[in-house]
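Number of protein chains: 4
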Amino acid sequence: MLYFIRDSKYKDVWDAWIMFLAIVAGIEIPLRLVLQYPESNFVFAMDLVLTLFFTLDVLINLIPVASGNEAHLPKKHPLNLKYVKTWFTVDFIAAFPFGWFLTGLPLDATHGVKAIRLIRLTRLLKLAKMVPLIRKWRDVLNLNPSVFRMLLFFFLIFFAAHWIACGWIALDTAPLKDDLVRTYLQAIYWVFTTMTTVGYGDITPTSNIQIIYAMFVMIVGVGTYGYVIANLANFLGNIDTAKIDFSKKMAIVNAFLAYRDIPPQLEKRIRAYYAYIWDNRLDHDEDEVIGDLPDSLKTEVALFLRKPLISKVPLFREASTDFHHEVVHHLNIHVYMPGDNVVVKGDTGDSMFFISKGNVAILDANNKETMAVLGEGSFFGETSLLRAQPRNATVRALEFCNIYSLDKLSFDRLLQRYPDFKTAIERISDAREHELTGEYKFPR
Amino acid sequence: MLYFIRDSKYKDVWDAWIMFLAIVAGIEIPLRLVLQYPESNFVFAMDLVLTLFFTLDVLINLIPVASGNEAHLPKKHPLNLKYVKTWFTVDFIAAFPFGWFLTGLPLDATHGVKAIRLIRLTRLLKLAKMVPLIRKWRDVLNLNPSVFRMLLFFFLIFFAAHWIACGWIALDTAPLKDDLVRTYLQAIYWVFTTMTTVGYGDITPTSNIQIIYAMFVMIVGVGTYGYVIANLANFLGNIDTAKIDFSKKMAIVNAFLAYRDIPPQLEKRIRAYYAYIWDNRLDHDEDEVIGDLPDSLKTEVALFLRKPLISKVPLFREASTDFHHEVVHHLNIHVYMPGDNVVVKGDTGDSMFFISKGNVAILDANNKETMAVLGEGSFFGETSLLRAQPRNATVRALEFCNIYSLDKLSFDRLLQRYPDFKTAIERISDAREHELTGEYKFPR
Amino acid sequence: MLYFIRDSKYKDVWDAWIMFLAIVAGIEIPLRLVLQYPESNFVFAMDLVLTLFFTLDVLINLIPVASGNEAHLPKKHPLNLKYVKTWFTVDFIAAFPFGWFLTGLPLDATHGVKAIRLIRLTRLLKLAKMVPLIRKWRDVLNLNPSVFRMLLFFFLIFFAAHWIACGWIALDTAPLKDDLVRTYLQAIYWVFTTMTTVGYGDITPTSNIQIIYAMFVMIVGVGTYGYVIANLANFLGNIDTAKIDFSKKMAIVNAFLAYRDIPPQLEKRIRAYYAYIWDNRLDHDEDEVIGDLPDSLKTEVALFLRKPLISKVPLFREASTDFHHEVVHHLNIHVYMPGDNVVVKGDTGDSMFFISKGNVAILDANNKETMAVLGEGSFFGETSLLRAQPRNATVRALEFCNIYSLDKLSFDRLLQRYPDFKTAIERISDAREHELTGEYKFPR
Amino acid sequence: MLYFIRDSKYKDVWDAWIMFLAIVAGIEIPLRLVLQYPESNFVFAMDLVLTLFFTLDVLINLIPVASGNEAHLPKKHPLNLKYVKTWFTVDFIAAFPFGWFLTGLPLDATHGVKAIRLIRLTRLLKLAKMVPLIRKWRDVLNLNPSVFRMLLFFFLIFFAAHWIACGWIALDTAPLKDDLVRTYLQAIYWVFTTMTTVGYGDITPTSNIQIIYAMFVMIVGVGTYGYVIANLANFLGNIDTAKIDFSKKMAIVNAFLAYRDIPPQLEKRIRAYYAYIWDNRLDHDEDEVIGDLPDSLKTEVALFLRKPLISKVPLFREASTDFHHEVVHHLNIHVYMPGDNVVVKGDTGDSMFFISKGNVAILDANNKETMAVLGEGSFFGETSLLRAQPRNATVRALEFCNIYSLDKLSFDRLLQRYPDFKTAIERISDAREHELTGEYKFPR
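Protein chains in written order, with the numbering used here: chain A, 1 to 444; chain Y, 1 to 444; chain U, 1 to 444; chain C, 1 to 444.
Isolated chain A (complex conformation) (with noise of 0.2 Å):
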């Protein structure tokens, strides 16, 4: 059974196990160290459960690791060896019952018990497996980093309290009161009161070791506290850093306006505009971000964020995926607002366009009336890069527009390499080149 636990996906579920049981370990022992209360039942029995639960997760991990699919050659050793030289120590004398032993010794009643109580803090020792442990589930949680360290300091503040407040508890030389909870109530509030600074004074150390006990918590804890709040701020701003990075860019560009006193009119269509591109997700972090990626990924990145004008445009739809894992490195998208001027008439076309998103009308030649309307998939400008000629017409955007170019280099080595394509782009040029009399009817 522990090589099924140690293989399989219920290792992470058993990690979890022991973690509890190592958390409710370290809550308890220290509480019943210095509140004394009477060996009930219950703790009896979570004494039983460490003991058992962390000598069989001594021997799970000592189990090795099956070999993956990584490993060319599984070198088999019965033990594993890591662990040997790494935790075993640790998980061991977690894992020890200690207490039992001592029951045994001669002790006196009162030095006995406390005795016991001490040697079982080693059970704390298990929580520094938390460290490894809560780096291996980030990673396969795949947490938001700030989250998740967020969380992290949370659960180590409040531990930090327990501890501290069994801390004051142990050092009060006051008999102990019959009310366990307040008197345990009592220590954690004054922790608070003096990490958080708000200091009421309602309690308050007299004895000297007191005295010093408070220095060390208001050095040390209110430190930590307001470092954990300071780092609060930097952890809700690094939740959503691509909105953060446009928040940015847009107080560069308000602050732009209004040091350039940009008309209202102007400044609102600027601002519809970069509206558009971060609803669309447009920004041009591309680059920068894949850059350096190996070029398989590179493409593969390429080919998805292109995916959606592939799967539109037919001539894209029925090419090769030799032809696509190309294409996507040479298309380039662009972002066009109603009434811009996607091409100009007479000028020299560089290169050609697909729509990727909006409706786009050709214009006749006074650039007055529309001809025709090309919406998504459709694409155009490719005449003037097969006959070297200037724009036979002005193509304008009648909404938003993602349209994504294709320039002439690009566009000659396709042609070259991928037979194909050049003869459908021919095929349907010529088609639009005798429709031109009749009836502007692009085929998408």
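One or more of the hints may lead you astray.
[Stated by the list, open to error] Away from chain A, derived, C-beta distances all over 12 Å, residues of chain U:
#: 1; residue: A45
#: 2; residue: L81
#: 3; residue: A258
[Stated by the list, open to error] Derived lysine to any residue pairs resembling SDA-like cross-links, with alpha carbons at most 25 Å apart:
#: 4; chain 1: A; residue 1: K408; chain 2: A; residue 2: S351
#: 5; chain 1: Y; residue 1: K249; chain 2: U; residue 2: V49
#: 6; chain 1: C; residue 1: K298; chain 2: U; residue 2: Y227
By construction, these hints were calculated from the structure, which means they are not laboratory data.
Ideal Cβ positions, reconstructed from N, Cα and C, are used throughout, including at glycine.
Put chains Y, U and C on the given structure of chain A with help from the hints.
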């Protein structure tokens, strides 16, 4: 009438009114719950008003938005389906007068009143609607986001403080005193004493539940307050981004001046230069900010920024709009300090200049005497471009001057495209050539 | 006399004196209002002095500024119109002795005195003038802006604390004790106890109005204090920007060294290099900072920075100012460590070198023996440029050397433009050629 | 002996000992001044030790430093003049036993003792020397500057707290209690209660002077403590700069992945790539960091970083040092993921490759079968460069591979300069050509 409100600008006023009612309810309802003051006529009236307007708000929001100018194809539905799916439930619960139904039930006096008071907390759900409304207003009012966020935070802090104070009163085991104002004041005073970490200690928790509540306030409230204060610095710092960027630049310049022991005289002139740049908003941040705008917006911004120049230079003023649209992209601003040479006699000329601000002197052959002074709207240096000659005179700035340059490449392209511009500039240049013997008076 | 003050440097002294009076008034007037100490002769004298000087200040400011050196056309007005429109009203109210008029009115003793004291608060308006004055002084004194802002903040905090303390005394319902110093001290102590969030709790609000006041101080005062302290770190951090930038760079270098496990021996040399760079202020930040200055300032800065070199190299020292103005833009500094080769025999030479600091050795054909040592002000490498030959000897740095290089392109241009320079350098080069058989002694 | 200490490594030990004495004096002297405990033998001995060692320190520092290896011309002075001008006065006053002289004067018991105690405060001047010493140690110990500054700050905070506590005791008007430990503990406890803004209020100022002192501690002490805590976050954040930079990069990548909804499968591979990059320290930060180092250091760093490759590739290992020095600047590292094609059959080859880590497969003509596997130290792709042919086979990475590339230009230059290298590589290439029919086994 509902349709009228829905589709008009009065919707904003209506939303503001609903928000005001929600805020009043958010303050009064928890207060009455804990202070248990008698159900006066005012309270009854308020409940009636809340029910009425919250219900009307549900009805208004159920009406679909009339098709605006963006949508080509208005798809009429009898109901605003998006609203039904999102805010409807929340709004309905907030509007429903649960209290009236409870009044009818056979409850005894004490519990009945308390239940009615508790059930009225459902009204507070309406406050959740603040978030989308506030976002909408931010965009409408075009408020500085930092100022806005600061206001919002302060508002939230005060609301939170009010609710925490109500909770503190509710947990107080001592019977309520007659002086309700005093009771409330002491509670909110305790909240602020704790949240600001002042912690006088004149009011401290006594019962266990109060101790736990106080700890909760310390952990959350203190953190929140600290977070707000920590962000305040950030907020204040971001109000004038342009100024801050300039300050940072000046800090670097100052560090450089100190680090290299630049003599005071030179230092003063460098400072004077930057002061002039700042006062005249001449930071070279234009390209950086508008670099990624679409061409149409870029042109409009450039046109706006160079409007003062265009209106001053007769050559530009009389040109066509097309010319304006093109020329603005090729004019680059330069600042000259008093005594700086804009053009040196004998140098090869690769650009011409348009004076936007200030006066320049044209010097004689020995660079000693001033032959002529050119002011705002004048231009010079065109002869070198037209005839490919070296500069025929030195031009020196008499004061701080803003001068736009137009390089040879752009100049030639403009000459080629705009024959009117060519004619005009050649005519002036010839005139100048002839006048060189007589008094040197430039046409403006 | 007023004219004299207006137009001279004494205006600053006058402004400082007025400011001092305003500060004294700002402290004393609210203090007397709340502590109600009797109107002694000192107080009467002070009031007289305030009225007198504040009135004089109004008169002085009404005089228009005499036309300075910038203005071509002094436009004389009998009054400083800008002042009349802006600060005049405020200054006039602050100067007007309202109290004296009230004294004449038939008011009973108690209310009259109080009214007089209240009306005197109008004097505090004068403090508003601190803002423009302080700004002016900052520019005049050329203080570090961070240091300056810190001083200003501390000043404001103390002023605010004083006024809050006066408010606290005013709200105290208990009759004033005889010990006014003690009363004031306790009030200001309470303010700082609250503002720093220490909150001992030995002085706490009792009446409702005091509770509200205390809350107000907590919310605003605590926030302000926290803001100042939070900014303090920022202030302190910005005092020496150059050092901080260097520290950041070193942090990156250190991280790199640790990250790549660079061996200690190499690490030490890298550190030594940076230490030398820092000690000699050789950070390559020059272009970045002065890059956007106008040409004239750029030249002056470059001239200043290379002055030590020019004064050391006889070839430069004896050249014309024009030559200096041109050469400084083409000289680039390089640092060589002991043992580094500046020039390797047989390499094609594309620049010549001028030694600004340190000694270099010219090695023999086998790069073993030192044939000659060149020191500060010497130059070498010109032969390769003049005759287009490869380097005829290896030159090695004997210690840390600052060497300026002049590339071939700039060298040729200088030769062409400055025949004197050409003659001089050719003469020296020829001389060296002949000496190569004998002792290798370079002219300096 | 003094000379011996001066010129040896023992100077550091000596300085440390002097510093230890200064710290002990800095703690004990103010403590005795306020607690007025009797002048025991220990105190007398301490005074003797301080006088002795501080005097010796003056003498040692007066000895000039022996000429080190940097100085060519040691200029012997009998005294260290720099020391005489700077620290001598301070050190002398700190060393001079003023107390002994006062003992001889006819002072009455009370005032005499007090004067002696006060005069001993001159010893504290020695503490000022900590600043230069600490700076020196920082450079010697090569400590992380952040860790160092944190330690220094904590040290200063504790020192300041001690002195403030002594001041508090001195201002206490009540007669000193017998329990001096308690007295001191309560004072230092009050200091920390105030500085951390906890402010319990169990110890509060009573006299006017104490109130003023408490205000001073609040304003300065609280600010200082807050400053230290605020910087703590900064310090902790700068301990591992490389890690932080990588985290920031990953945050940007993560934001991009989330923002564009990259599918999990692809996301996982991208993460795997970055994890590999981080684990193998392959961040492309090399050029950025070492870019401005002098050539000699750049070469050494590059040599060190490529040493593992050079030692693995026989072709390199056997080459001359000159060749190593040149080749390292032309080798660029690339990372390939499992399945990535390093070279594609038919492509034109513009570089050759050296495997530093991992295995690659040479595929057959159909890119299906593996013809050979190349491991660490192998190279490939040289045939295309030597014969200007297209790639004759596809090479695919079998796992994560670190492969260095050498581009054609550098390759040709190396061939030309190093005939041995040319011979070796041509021999291997020919051998491979012949083997292509038989088993494809590459020489390594």
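Here's how the hints hold up against the structure:
The non-interface label for A45(U) is consistent with chain A: the shortest C-beta to C-beta separation is roughly 47 Å, beyond 12 Å. The non-interface label for L81(U) is consistent with chain A: the shortest C-beta to C-beta separation is roughly 25 Å, beyond 12 Å. For A258(U), the requirement that its beta carbon stay farther than 12 Å from each beta carbon of chain A is met, with the minimum near 21 Å. Between K408(A) and S351(A) the alpha-carbon distance is near 5 Å, which keeps this suggested pair within the 25 Å criterion.
Proposed proximity of K249(Y) and V49(U) is contradicted: the alpha carbons are some 44 Å apart, above 25 Å. In summary, the hint linking K298(C) to Y227(U) is not supported, as the alpha carbons are separated by about 46 Å, beyond the 25 Å threshold.
Consistency note: the structure conflicts with the earlier hints numbered 5, 6.
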